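Asks: Next come the chains, spelled out residue by residue.
2 protein chains.
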Amino acid sequence: MPELSERKKQILANVIDLYIKTGEPVGSKGLIAATGMTCSSATVRNEMNELDSLGFLEQPHTSAGRIPSQKGYRYYVDNLMQDKSVDDLTKRLIDAGISSAVGDPEKLITRSRELLADLTKCACVSTAPVGDATLIRKIELVPVGAHTAMMVLLTSNGILKSRLCRLDSEMSVDVLEKFYNIVQNFFIGRPAGEISPASIQTIAASVDCDYFTILPLMAAVSELAGSTNDSRLILGGSSNLLSLKDYGDRAISLLEFLNKKEPLNDVINSSNGLLDVRIGTENRYKQLEDSSVIVSKYSVNGDNTGTISIIGPTRMDYETIIPSVRYLSDLVGKLITQALEE
Amino acid sequence: MPELSERKKQILANVIDLYIKTGEPVGSKGLIAATGMTCSSATVRNEMNELDSLGFLEQPHTSAGRIPSQKGYRYYVDNLMQDKSVDDLTKRLIDAGISSAVGDPEKLITRSRELLADLTKCACVSTAPVGDATLIRKIELVPVGAHTAMMVLLTSNGILKSRLCRLDSEMSVDVLEKFYNIVQNFFIGRPAGEISPASIQTIAASVDCDYFTILPLMAAVSELAGSTNDSRLILGGSSNLLSLKDYGDRAISLLEFLNKKEPLNDVINSSNGLLDVRIGTENRYKQLEDSSVIVSKYSVNGDNTGTISIIGPTRMDYETIIPSVRYLSDLVGKLITQALEE
DNA sequence: TTTAGCACTCTGATTAGTAGAGTGCTAATC
DNA sequence: GATTAGCACTCTACTAATCAGAGTGCTAAA
Numbered sequence: 003m004p005e006l007s008e009r010k011k012q013i014l015a016n017v018i019d020l021y022i023k024t025g026e027p028v029g030s031k032g033l034i035a036a037t038g039m040t041c042s043s044a045t046v047r048n049e050m051n052e053l054d055s056l057g058f059l060e061q062p063h064t065s066a067g068r069i070p071s072q073k074g075y076r077y078y079v080d081n082l083m084q085d086k087s088v089d090d091l092t093k094r095l096i097d098a099g100i101s102s103a104v105g106d107p108e109k110l111i112t113r114s115r116e117l118l119a120d121l122t123k124c125a126c127v128s129t130a131p132v133g134d135a136t137l138i139r140k141i142e143l144v145p146v147g148a149h150t151a152m153m154v155l156l157t158s159n160g161i162l163k164s165r166l167c168r169l170d171s172e173m174s175v176d177v178l179e180k181f182y183n184i185v186q187n188f189f190i191g192r193p194a195g196e197i198s199p200a201s202i203q204t205i206a207a208s209v210d211c212d213y214f215t216i217l218p219l220m221a222a223v224s225e226l227a228g229s230t231n232d233s234r235l236i237l238g239g240s241s242n243l244l245s246l247k248d249y250g251d252r253a254i255s256l257l258e259f260l261n262k263k264e265p266l267n268d269v270i271n272s273s274n275g276l277l278d279v280r281i282g283t284e285n286r287y288k289q290l291e292d293s294s295v296i297v298s299k300y301s302v303n304g305d306n307t308g309t310i311s312i313i314g315p316t317r318m319d320y321e322t323i324i325p326s327v328r329y330l331s332d333l334v335g336k337l338i339t340q341a342l343e344e
Numbered sequence: 003m004p005e006l007s008e009r010k011k012q013i014l015a016n017v018i019d020l021y022i023k024t025g026e027p028v029g030s031k032g033l034i035a036a037t038g039m040t041c042s043s044a045t046v047r048n049e050m051n052e053l054d055s056l057g058f059l060e061q062p063h064t065s066a067g068r069i070p071s072q073k074g075y076r077y078y079v080d081n082l083m084q085d086k087s088v089d090d091l092t093k094r095l096i097d098a099g100i101s102s103a104v105g106d107p108e109k110l111i112t113r114s115r116e117l118l119a120d121l122t123k124c125a126c127v128s129t130a131p132v133g134d135a136t137l138i139r140k141i142e143l144v145p146v147g148a149h150t151a152m153m154v155l156l157t158s159n160g161i162l163k164s165r166l167c168r169l170d171s172e173m174s175v176d177v178l179e180k181f182y183n184i185v186q187n188f189f190i191g192r193p194a195g196e197i198s199p200a201s202i203q204t205i206a207a208s209v210d211c212d213y214f215t216i217l218p219l220m221a222a223v224s225e226l227a228g229s230t231n232d233s234r235l236i237l238g239g240s241s242n243l244l245s246l247k248d249y250g251d252r253a254i255s256l257l258e259f260l261n262k263k264e265p266l267n268d269v270i271n272s273s274n275g276l277l278d279v280r281i282g283t284e285n286r287y288k289q290l291e292d293s294s295v296i297v298s299k300y301s302v303n304g305d306n307t308g309t310i311s312i313i314g315p316t317r318m319d320y321e322t323i324i325p326s327v328r329y330l331s332d333l334v335g336k337l338i339t340q341a342l343e344e
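Same order as they appear, the protein sequences are chains A and B.
Following the numbering used here, the numbering of the first sequence begins with 3 at its first residue and continues without gaps.
Following the numbering used here, the numbering of the second sequence begins with 3 at its first residue and continues without gaps.
Keep in mind that the hints were calculated from the coordinates and are not lab data.
No copy is singled out in the list; a pair is fine if it fits within one copy or between any two copies.
Straight line, CA to CA, 27 Å or less: simulated DSS-like cross-link-like pairs of lysine-lysine: (1) K93 <-> K123; (2) K263 <-> K93; (3) K262 <-> K93; (4) K109 <-> K263; (5) K336 <-> K109; (6) K247 <-> K288; (7) K263 <-> K123; (8) K336 <-> K163; (9) K262 <-> K123; (10) K163 <-> K263; (11) K10 <-> K23.
The model shown is predicted, which means the values in this text are computed figures rather than measured ones.
Model the full structure from these sequences, guided by the hints.
Replies: Quick look at the structure:
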């Protein structure tokens, strides 16, 4: 990355700030008017020209102002942006917004997602905490009818999974007792990831109990345990993106893209580090080429990690959004850890 | 409602069918070309003119073809549309689509919503079954830490609600036992709607137990019981509406409208009868003036009702969508009832 | 009652013209 | 050598004008 003169840096930063604010290409005169710089427009023009050849700015067409290129945004985020901490008002908004959900992990995540989408006017994606360290805390079988029961599985992350299951034979006290025995001996306290359809079969065969009676229950355990590792990816606030002029018609295909689980999951999961900012084509998907994605990880109990992410136009207000996302995701991690504390 | 001649009825039906198919205003020549009617275009013009003065058709402008008015759609849905049953392919698609979720109420509703949104290319809204007859089936307190526990409440509809709760004192065996006693005596088998913050207080005061220890638990029960009656309104497939030319720019404000819980809830709940079709301004909301809403109720155990609804442009394919919605919602009702059967 | 013929109307697409914003270059100035 | 004023040039966004086409309503004949 070439070293830029102080003035170039300042001009680049100003152009980006102004463009983020107005959405219009920034011209030399307009830049001076908006920032009160002391040099003349011709000087700015010369500098902008060089920033253009260096690839930090680009022109929509010959006689328009400049807009930041992807490289420009990257340089801005890495070097120019003032990495201020979250401002006081936002902090209070966040604290107040999630206060009603502090004790409950699921609610907390939901509220945070909604809140952040509102604050940033972007789409927001949340995932529940998952990890190898997810232990099975409790499995409960709640009878619903003579042949049916709701199976409820609680993990060490406070994530609850449930599923109705049906037995061929009657759900007798005897069956229940045997089931709870197996649960106690083989499942409680074990990592959810260890439970596979194969291991289930072995266990079902090894216990002193009718194989075909207990098998549907074991299968249900296996399914629930498996599903603890799907990360409960949920998208919110996507309609915020619709009214942005940045996207125009392309908002439609963007929304259709975001509504598909698999690619979105891939986008979120391919992030590095605690807080990852990916600009434009740094996201591998064509549909995100004029969007930026900010993924922030939070950790629960030091082991399991979930994410809170923002998806919006490359022309998003990085300077305020990044601190907000970081603050909120830290908070979520801490609060969930605390809620689950002994 | 004035009685129309057979030919007028036929022309009206044909115009609407064609307009639904093409989205373009229908002219006299085009109508004859598309339907193979035997009279001349001049005759059709005369008839259309009368249908126009009667209010069943309207012209976007003087020299364009006709499009159905709201009154026209209403007459079509009530009198002209062939109320065929769902076609074979659709039936198979639906059956196959939900087969993996048959035994589990929550999954079943989710799959149905997604499926119907795909089939109809419209937005689809589902609600879980609720009603005065919703009984509390089970309340379970799953310890998570020394001071915290996950409370799980299961209703007779198979709907599961959960919430983490925190005690000031330790969650001793003694406390748990007393709690389960209260649950058994006061809650199990009772309608969820009966439980109010006031009744909770009375109960907490009346039992032989430390009031301040048991109160947080009682409060949690009250909250969960109260939330069983929120209908879990969920919207899916709304991005389908974006690419429809019917809406143009207005798609944005429509989506923003649909993403708000309260008005959407109102729209769904203000429906009458088992299957309600509301066209354009028959919906009380300005934002729905060029949309139609189809609300179909399903019932579980004969008492509790949920809904599956379609929201799309007034120019939707009523003839195939209505039977699909009806078929699917009946199926959902039956399957949930069956899953919960003794 | 139906139909052929025709004048009329309105839209939507295309073209031409214009004002304005912004640039890059040159030459003068600090 | 860096900065700046001046200017010719370019490109867009907007407006107005034109025109073909689709469709109508009306009249008069069948």
